[in-house]
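Place chains B, C, D and E on chain A using the hints.
Chains as they are written, first to last, in our numbering: chain A, 1 to 353; chain B, 1 to 495; chain C, 1 to 131; chain D, 1 to 104; chain E, 1 to 482.
Hint data in this document are derived by calculation from the structure and do not stem from the laboratory. Careful: at least some of the hints might be erroneous.
To be verified - From the structure, some residues in chain E lie toward chain C, with a derived Cβ separation under 10 Å: (1) Val14; (2) Leu21; (3) Glu466.
Beta carbons: idealized from backbone N, C-alpha and C, even for Gly.
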Amino acid sequence: MVMDIIAGSYDLLLEYLTNPWIRGYLGLSLIGFIFVSAMAAVWLERKISADVQFRIGPCRVGPIGIFQLIADAIKLFTKEDIVPRKADSIMFRSAPIFLMVSVFLMLVAIPIGAIVINGVAYPLVVTDMDISILYVEAVSSISIIGVFMVAYSSNNKYALLGAFRNFARMVGYEIPFGISIIAVAITTGSLNIIEIVENQTIWNVILQPIGFFVFFVALMGDLGRLPFDQTEAEQEVVAGWITEYSGMRFGLGFFAEYIHMVLGSFLVVLLFLGGWNLPGLGLLTSIPVIGFIMPTLVFLGKSAIVLAFIILLRWAVPRFRIDQVVDLGWKRIIPLSIVNLIWAIALGLFLGA
Amino acid sequence: MLPVLSMLILIPLIFAVITFFTKTKEQARTTALTGSVISLVLALYMYMNFDSSIASLQFVEISKWVPSLGITYSVGVDGVSMPLILLNAIVIPFLIIYSWNEEKSYPNRFFGLILAMQGAVIGVFAALDFFLFYVFWELTLIPLYFMVSQWGGPNKEFAAIKFFIYTHVASLVMLLGIFALYFTAWSQTGSPTFNIQELLTQFQSFEAPLVKDAIFIALLFGFIVKIPTFPFHSWLPDAYTESPIAGNVLFILLKIGGYGLFRIMLPILPFTGTPNLMISIMALLGTASIIYGAFVALAQRDFKRMIAFASVSHMGFVVLGSAGLVSLSVSGAMFQQFSHGLILSVMFMSVGVIQTNAGTRIINQLGGLSKKMPKLALIMVVVFMASLGLPGLTGFVAEFLVLTSSYVNLPGYVLAVMIGIVITAAYHLWAMQRSMFGLYNEKLGDVKDLTNYQSLSMAVISLLVIYFGLNPNPVLDMMITNSEHIVSLLSVAGV
Amino acid sequence: MPEIIDTSSIINSYVPVAIFLIVGVVMPPITMLIVKLLSPRSKSKQKFTTYESGSDPTGDARIQFNVEYYIYAIAFVLFDVEILFLYPWATVYRGHGITSIATTAILAFIVIMVIGFIYEWKKGALQWSTK
Amino acid sequence: MILPAIPLPFYLILSAVVFSIGLLGVMTKQNGVRLLMCVELMLNSANINLVAFSSYNNDITGQVFVLFTIALAAAEAAIGFGIFMAVYRMKNRIDLNDFNILRW
Amino acid sequence: MNGITLFAPELTVVATALVVLMIGVFLNTESKKVLGYLASAGLAASLILTLMNLDANAVMYSGTLTVDALSQFFKIVFLIVALLVSVASIKYTENNEHVEEFFTLVLLAVVGMMMVASSNDLLVLFVSFELASISTYALAGFERRNLKSLESAMKYFIIGALSSALMLFGISFVYGLAGTTNIPEIAQNSAMLVSSPLGIVSIVLLVAGFGFKIALVPFHMWAPDTYEGSPSVVSSLLAAGSKKMGFVAAFKVFMIALVALKTEWTMAFAILSVITMTLGNVIALSQNSVKRMLAYSSVAQAGYISMAFVVMSPMAVTGGLFYILSHGFMKAGAFLVTAVVGYMILSENREAENVDHLENFKGLAKRMPISAFSMMIFVFALAGIPLTAGYMSKFVLFSSTIEAGLVWLAVIAILNSAISLYYYARVVKYMYFYPAEGERVSEPLPYALTLVAAVVGVLILGFWPEPFIQWAMEAAKVLIAT
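Just chain A, with the same shape it has in the complex:
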């Protein structure tokens, strides 16, 4: 009885949800969600880093420093916005738009979980397109334009140097990133993230371990996380491309980076770790309320683990020199990705037409 009402109202909701405008406006709430996630990620990073270094980390604001980020945000809002005299003012001011647009557009196509009703999974995604992974890959590259605009408009040598490093790194890691996505597409037969998740009867990480490794490393390279953060290596180029940014302008860039990281970990989960599915979860999700929440939680949990791993990696691996990064990308990861591609083709043949 109750289940019928829920299911019926959900059907009504779904009908509303087929309207793209409604989906779009409702989806805007994801922006809030993702900012919160990013804050959580920052908090997580601080906490884990502190743990690794036998420190306590943020602890004053709220329980275990959980509101530290809110305090930081308030601080950033009240700081003075400085535009250097030699900077190209228009470009300097408009660059954050590109950074933000990049992550927002990624957000549109990435599901953040699913709701299972009557055994049918309804993914929580703003819009469903045929080539969403390709789209995500494309829009994520917009951020490089923002980075470059920041650096170029700052008219600062460190910034420009950082941006060039960013650029050199990115070109090396976009290719294996793309190739490993193709390998995933071969085994799952689609470029639609949701279909990729649904078609992962066996997780891709098991089918294509090399692919997972390549994708992960390439993702790290794309994100500019340690050990690939030559862009912002304090010891070498001060703060890299973002040197001249201060206050909330810095905050926007900073948030964009963290959102990028969160979304990146989402992608890892979606493409290789089975998304919101978990073996043996099928029974549980048939229960209405659990089915409502469980897959999303599973997804976020997996993502948190990946995120934590990324953060831990920061303290486990030392930063590479820029030439090492580029060499690694071109001479190790790309060949590896091609090996994986051939492996995926063989797999495809084996799995059958």
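Leaving out everything else, chains B, C, D and E in the frame of chain A:
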């Protein structure tokens, strides 16, 4: 049977190539002479076996070449071409002997070009296929171009190019005519052919008079520029003046324009849309050339230039004779070609000698050369008299035939030509008088007479001038046979 | 048989993208506007100089940069469009009954791609010069 | 409000505009790199056309064509930059007005 | 006869290209000489494979490729030219560290050309066209330290890129209006093309696009610069190969696909053809650089060949095709002679500039008799002197214009060909009648070999054209169904 005619074309060409590869002057001239003597022998052999009593083609050789376009390799001779082939074969060896000791740069190329020219010209005379005809026709340009541009006078570059472009354009216009003829015939019969005889026969059945006239005019233009007649002669004075003597002789032997008239123009003339107009055009051109050439020659101070214009004047007789359209006038025109070739060769050779030995060829600066050069004087008297038409020499025979027989059809024109004849006599005599006789011009210093080689070659040709003047029948017979055949077509057409 | 493409549904699936795009474009300026309202302002000449480790900045930052970047850029552009062909191929590789011919084709493609890669490598185009 | 499909002429006008901008750039620009960018613009305008026609003709060929065009454009850009770089090494600029060795 | 057999010539060349590239990367400069032989062997093998299937007739790979008399004709032209160029380049690339790139690019360019010849789909046509173009852009700038070469490459590239953009834009309209890119199908679905104004737009764009490649005036600006500045062997490939590719593409697109719009493009080609031949010849008159002169002559020749579009009769297309075949020999040979002369001058003086100046041809007959003789044959052939390939082809082509009643066009063409004699004869005069200013230099074997081969080709086509004309007729039938 031996392919005599093909050999006659190929042997000069082959020897030309051999000559190109010789190293020294001695080798070059010996090779060249060998080649030309062999062709002379072949030509004489052909002449011996030639039947002058029939108008049809003899020594015919036909083989396939490009069947899809109807192109064949076919050669043959008749009374029109035989004398001209003979003329070439006779004069070229003596031209080589004449040039025996001349100091030339690149003697191998010099003699090679002479032979190449001979091969090409004989090829034109022998060709029975329009394609082949045109190929040889164009081929004659190259040796002459190089002859003028390499060994010519001070203004050689200009003269060579002018000659080249001028006559090339004319032959391209002729080519247009050939194409038109070819395609019209093709569309009528349904199979392509380039055979001259067949195309000329086909021409008779063409329907559109305008097309016929256009074809005729296009072909005529190609020929009269080559002849050349006034007003299309302007390449000639420059080319003749600048050319070396051997080149001049080759120019003189290049009788392909007149040959084209007999071979191609006259057979189709009666079948054009407006035959009378065409006849008038030709007669007018001929008459104008005779008179104009004579007058301009009279005004020349340069010996060579004078002879050049004399040549224009002479060739006018060829055109006029063709336009006369009587068997004897056409034969006269043919004979004029033959005789012109002999006479003018010697005249140019004489000028060459004067030029090299006396150092100038401006008539006013010469004088009394006969005292120092008696042999030259004797030869010059013979050929000058022949050139102005003294009875007993070849020139007279030809001009007499042309004038008397053309009178039947073209009385007005012939009367006009009479003025030209007087002037011709005047400038010939004047030039002889000024240069050879009278007081010796001491400024010239000590002038040598002819060398043995020069006197041999010039004397032999001069003797031929006298011989054919007294007894023209050996060549005139075959000409008459053929011209009668040509003229007989007129009655068919009812002109 | 040509697939029928429903343009309308494609366009509609991008409506949210447009909404997000607009939000993305207006959000940073609004944020900065808020900052402008909240933050203090003080005039100081030194504050507006470019940061160069504290000393006065010299020259312009927009200098000629290393040509190596161009070589990498070219290599990147080429490889990136090469793998572009793999995307559509990958989606239809399985389940459309063309697997065997698709395998042959793609192996030839990969071989050529790898040859290009080896060529670049051997020619030193991938060598970061520390000159 | 579900959006209807965009009519074909809109695409064609867009592509014509882009094409014209590119052509204008090719005609007026002197810098090699800018020229190249303008050529890319022209190629992309053709791509717009192809995709638009492809979806309105219900025929996939146009989109396949676009894939190839993109690849070719990239190859062209690569070779162009290669040439420009070589030129730059010799002359230190890539202004087309400097190229005057070869003339008439 | 399955697809792979018929496609084997192209595959052979591709494979050779890849093998050459891979071997070359691992060899040191001294031993790279083998690459030239390898490339030539590959081309020869491909030529043999093509000759083996000369009469083949098939449409392959979902109708994207076609093998017929036309494609085989052009493939053989391209392969012959490429073979000449590649054999000559064995010497040219000696001691060069970039041998493998050179030969790979040559081979890839040839593949592009061959694919254009057998393409049956605008997509394949465009891609192959670009493959050949892009390879030749790089080849034109092969001498990286030579500013002339770079400049030529740059001009070639910019104009080439522009032309491909125009072409693509035109193709997009054709595709849109016909709903397909398959060439025969376009001809069937041409109702929209005829009725829509966009049809005319696409014609304009395509004429411009192909016009650039063919170097029709006013789209010829790049050609003289590029032919002059590029290495001579490359100019040879460009003039004799790449330009022919433009022709075959234009033949296919206009004569097969867009035949319904014949009235529109015939007029365009008539005007372009007349302007092209006239301007090309007139400007060539005043050139002192032999390569530039040949370039303008090449422009003029393109004008002649375009007459085939205007006349559009089987005979005219036969003439055009035969002209293309002969031009392949003549132009390739002539440019190779400039390569030999360049080699001669540079071997005396490393720093010599303007190696192709007419002055350097002085007394060539004494210094390099084989080259001088070959050059003489080539320029005479280009001028249309009887008994050479050039004469036969002009003969067929020009006569076809008269057949079609376009006497004015024939007159213009014939007058042009008369003018052209002047500048061709000048080269011969410099070679044969001016004193030599240096020692006798013996031609390196690869050069001598190619020159002799080209001369033999020119003479065979001139003396015994029958089988080739038959063959061209077969090919013409593909374009014009009679």
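Each hint tested on the structure:
1. Val14: With a closest approach of 8 Å, the valine 14 of chain E hint holds.
2. Leu21: holds, 6 Å
3. Glu466: violated, 42 Å
Hint compliance for this structure: hint 3 alone is broken.
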